[in-house]
Amino acid sequence: NLNTRLKMKILITDIDDTLLDWSKRFDIFARKHFDYNGIALSKKPQRLWDALNTTKENIPEFMKAHNESSEFAQLEYLNDSEILNNVFDKFDKIIGLTSCGDTPIVKTLRQNNLKKLFPELTEVIYLPFLAQKDEVLKELASQYNDAEIYMIDDNIYDVADALTLAMKAAAYNTPFHKPDEYIPVVNNMSEFFEKIVK
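Quick note on numbering: the sequence shown equals residues 1 to 198 in the numbering used here.
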């Protein structure tokens with residue numbers, strides 16, 4: 001039947017430490033601004049405040065400062081995430097969903113970075129710094145209720161929310177969290193396409 005329309009396919013992807021290697025640049029930033037000279041912050045699942053010899057309360061401020069610095073516009077691909085540039089035709093829409101902050105400076109730095117590495121990624125939704133994504137995911141699920149929606153994020157809580165909304169979702173494996181057994185985990189973007197998108 002020619003009138004049968006194929007389901008729309010949408011990918012919702014986190015950006016920091018999913019598409020882009022945020023930890024690597026934060027490590028460089030910490031060495032420059034906080035006199036940090038220990039093991040690479042992206043490699044050791046230690047608490048950042050212990051590593052940086054500060055309090056837990058100070059860490060968001062440090063992270064925010066990094067997100068407003070020139071380093072933030074120089075993030076590199078995380079692992080093999082550049083493969084996303086070869087699979088845009090698999091989806092009708094690819095949405096970047098990020099809680100890196102929504103101030104003009106953060107958006108400008110981020111857009112410059114994304115334009116260089118993911119020129120085809122046209123839609124990016126910015127949330128306030130460290131905001132949870134549950135409400136936006138609900139809105140997107142409602143807006144595209146006829147679509148097949150895929151989601152990848154390194155925050156297991158956001159992935160859990162996506163799964164409850166019947167999205168096909170997976171958590172990016174990082175040393176900083178231990179996903180629950182019911183949450184699918186992937187180690188890189190290739191694995192996400194092999195296991196989840198197929």
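Simulated from the structure, these hints should not be mistaken for lab results. Please note that the accuracy of each hint is not assured.
[As the list claims (entries may be wrong)] Computed spacing ranges between beta-carbons, pair by pair: (1) E194 with T108: 32 to 38 Å; (2) S142 with A65: 15 to 21 Å; (3) K9 with D80: 18 to 24 Å; (4) I39 with K90: 15 to 21 Å; (5) N145 with T55: 30 to 36 Å; (6) E76 with N37: 18 to 24 Å; (7) I183 with N37: 34 to 40 Å; (8) E123 with Y77: 16 to 22 Å; (9) A131 with T55: 18 to 24 Å; (10) I59 with L6: 44 to 50 Å.
[Claimed, not checked] The calculated PhoX-like cross-link candidates involving lysine-lysine, where the alpha carbons are at most 25 Å apart (straight line), are: (11) K24 with K115; (12) K93 with K24; (13) K56 with K138; (14) K24 with K138; (15) K32 with K7; (16) K90 with K56.
Keep in mind that this is a model prediction, so the values were computed, not measured. Beta carbons: idealized from backbone N, C-alpha and C, even for Gly.
List in ascending order the numbers of the hints, as given earlier, that are violated by the structure. Numbers 2, 4, 5, 12, 13, 14, 15 and 16, in rising order.
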